[in-house]
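Okay, here's what each chain looks like letter by letter:
There are 2 protein chains.
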Amino acid sequence: MPPTSARVTAVDTYDIRFPTSRELDGSDAMNPDPDYSAAYVVLRTDAGDGHEGHGFTFTIGRGNEVQVAAIEALRGQLLGRPVDGLCADPGTLYRDLTGDSQLRWLGPEKGVMHMAIGAVVNAAWDLAAKRARKPLWRFLADAEPEWIVRQVDFRHLTDALTPEEALDLLRRGREGARARRGRLVERGYPAYTTSPGWLGYDDDKLTRLAARAVADGFRQIKLKVGADLEDDVRRCRLARAAVGPGVRLAVDANQRWEVDEAIRWTRALAGSGLYWIEEPTSPDDILGHAAIRRAVAPVKVATGEHAHNRIVFKQLLQAGAVDIVQLDAARVGGVNENLAVLLLAARFGVPVCPHAGGVGLCELVQHLAMFDYLAVSGTTEDRVIEYVDHLHDHFLDPVVIKDGHYTAPTAPGFSAAMRPESIARYTYPDGTYWATQDDKERTA
Amino acid sequence: MPPTSARVTAVDTYDIRFPTSRELDGSDAMNPDPDYSAAYVVLRTDAGDGHEGHGFTFTIGRGNEVQVAAIEALRGQLLGRPVDGLCADPGTLYRDLTGDSQLRWLGPEKGVMHMAIGAVVNAAWDLAAKRARKPLWRFLADAEPEWIVRQVDFRHLTDALTPEEALDLLRRGREGARARRGRLVERGYPAYTTSPGWLGYDDDKLTRLAARAVADGFRQIKLKVGADLEDDVRRCRLARAAVGPGVRLAVDANQRWEVDEAIRWTRALAGSGLYWIEEPTSPDDILGHAAIRRAVAPVKVATGEHAHNRIVFKQLLQAGAVDIVQLDAARVGGVNENLAVLLLAARFGVPVCPHAGGVGLCELVQHLAMFDYLAVSGTTEDRVIEYVDHLHDHFLDPVVIKDGHYTAPTAPGFSAAMRPESIARYTYPDGTYWATQDDKERTA
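Order-wise, the sequence lines are chains X and P. Quick note, in the working numbering, the first sequence goes up one by one and the last residue is 444. Quick note, in the working numbering, the second sequence goes up one by one and the last residue is 444.
Because the hints were derived from the structure by calculation, they are not lab data. A hint or two may mislead.
Where chains are identical, the list cannot tell them apart; a pair therefore holds if satisfied intra-copy or between any two copies.
What the hints assert, rightly or not - In silico SDA-like pairs for lysine to any residue, Cα to Cα no more than 25 Å straight-line:
id : residue 1 : residue 2
1  : Lys300    : Thr158
2  : Lys300    : Arg155
3  : Lys300    : Gln318
4  : Lys300    : Glu261
5  : Lys205    : Ala143
If we strip away everything but chain X, and leave its shape as in the complex, we get (with noise of 0.2 Å):
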């Protein structure tokens, strides 16, 4: 692509709420409600190339509109910047907003302002990949080992992990990726399904959902638990009666339990055959989930999805507090942090399982999963990513599952963009579909 003199001239936001809590779709015992949110931004530049970069962070739906002021206090950092240096190093733009000794204050790199630093990192990312023409998992796979280390801020982490570490992991995981290239496209990533078990759902619902999974060629399915020890030990026996023996039975208690509960009610789960138990207690309780690993193994540990940041990854694996992480697309500080989590990993060789639903994670999660089987891990053992049956409708290119795998997606960028119809129809509250609904339906 020819140098170009383009800047970034909009950063236009969007407070998107799905009314999710209808169907009790999403329900767990943390969550009983929730209405699947993003809070959404769209990068336009002068180019005249027709790319926008798309990004969002998701949210349960209250409180959304702050996500969204967050993304507007960085705007001012964003308008003007020169795409070509944007697109050939995001980097730069991540480690500016990290940066920014004022706005990190009000983290440092947690919560809303990180949260809103990764959407529009990850909406960066999203327009490198479209300029590039190449979808985002290719994009990073063809990139040379040195310049995805420079992609990394390794402040905090060499304590762990060096950048002449991860340069060394990079150049190593670069050998057989074109065969590894091949099967991908081929087969896709394998990929677990939670749809079945969702709290709010009643039991033949569960069985049902659970047989059809495995139907469709899932080899793992999950289960929420955590509000009820007699209602989880009955659900956990008869989804394993209607999935057989040979499939993956994960349960998920979204950050529910005490330390001393969590190893209690895993273990009176654990004769379902249980392969992980996801969020046992409060995320940031590294000790705790050490503690919890120790006392239910063989029963795996799997957590990530709220851990806010690249350090927390780092004392996961350092305490030995996990045997699964799972990296959240939308809730670091983008693409970029997560490159950081998917080298810790790899060097600590602790498998990846993604975190995805919600809305449009999968669609983000896949290409990060499957740059990891490429140029990382190189290897899809132990290896799925989450696939959650919800709002994929509203995406212009959104996540195909065929026969339990997600297929390697073609389309150039990070799949991250909603379809403007739906944009329009969800906006909050001005949306057609919420200015049509009564005051006391509305979520805020």
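With chain X's structure known, arrange chain P on it following the hints.
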């Protein structure tokens, strides 16, 4: 006070910013040019007694509007709340806010949303203490241990501290409180000063202010470090020469270092007789602090001003990562969560030396430290409250420092209320100060 049917009728917010960056007051290795700011909230009622609840989040400039938006997202939870119930049990408000499942997604319990909760919870305590006609330290110290325990959320704490253990600590903590109260009122609570040590000050100003601090009765001063090792060695020597051998010298790196760098740097400064090294690395790095502490003893490790919730404090204590717990009045979820922090510290026998400075943080933390002295730890040994001589004149009930001690406040409330004329002048961007500045001199 007779029961009333009064309710919360207004939640007014203000974006207040002071142009402190022009004097390099508050400059450190991570924050070169802060504009000390407050996202400020006032709870008004129809009780007709003239009492309002004031609270705020301290920020350092850009993004203060995001913090204000987060406080506004809580308005619906506050309006109409019965005042009697709110003041009799602020813990219910705290639990309702931290337990809102949709807002919880934006943390959980960290960053912008959690600090907003802290601001309104602190405002509720300000109102409660005013209505009881007591300064907050007395309001807390006079409360029954059982009631204090009910103000604490033990979720995700019970592997380190149970309600029963907390009750036991509080019952024992009361013994001798009457005598201590006499000493507190007579003598005050020991302070240390950070005023000499800002990184932007030259050697002459540092030496002059260090000597003056000792003349003013302080027995500990603190210097900012972490930008340049050679400079820091010289500055620590100058400070030690200025204060003499009997005064404690602490240094604060404001998160600047890697773990190994922190160890090397602290050892290089230790020759000047360091008392503590503060925030040597990422505030999220519990294991890193533990490694640093093991390596730099007998220099003590202090942290906490950016520890985002009680679960981080729990782990800092469990891991043996800190010698000094530096709670912050406005970083966590308000008084309720700080009660948990005080109790955790007492359980582990670690002294609390609150972080202060900023805007109004001295005004707030003095109440918490005085309560700790009267009813929890029962001692001021190895305990000091930070003091910085900035911006107190903007408060209606500013701290009073005498001979290196905080004087116990006598006015009812939490000392949180800012002068109306300061609010009018420094509201951003329309207050009289900012409206008359050139655009380029504004912070955002």
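These are the hints, each one checked on the structure:
no.	hint	result
1	Lys300 to Thr158	between (27 Å within a copy, 23 Å between copies)
2	Lys300 to Arg155	between (30 Å within a copy, 23 Å between copies)
3	Lys300 to Gln318	both (16 Å within a copy, 24 Å between copies)
4	Lys300 to Glu261	within (16 Å within a copy, 35 Å between copies)
5	Lys205 to Ala143	neither (45 Å within a copy, 51 Å between copies)
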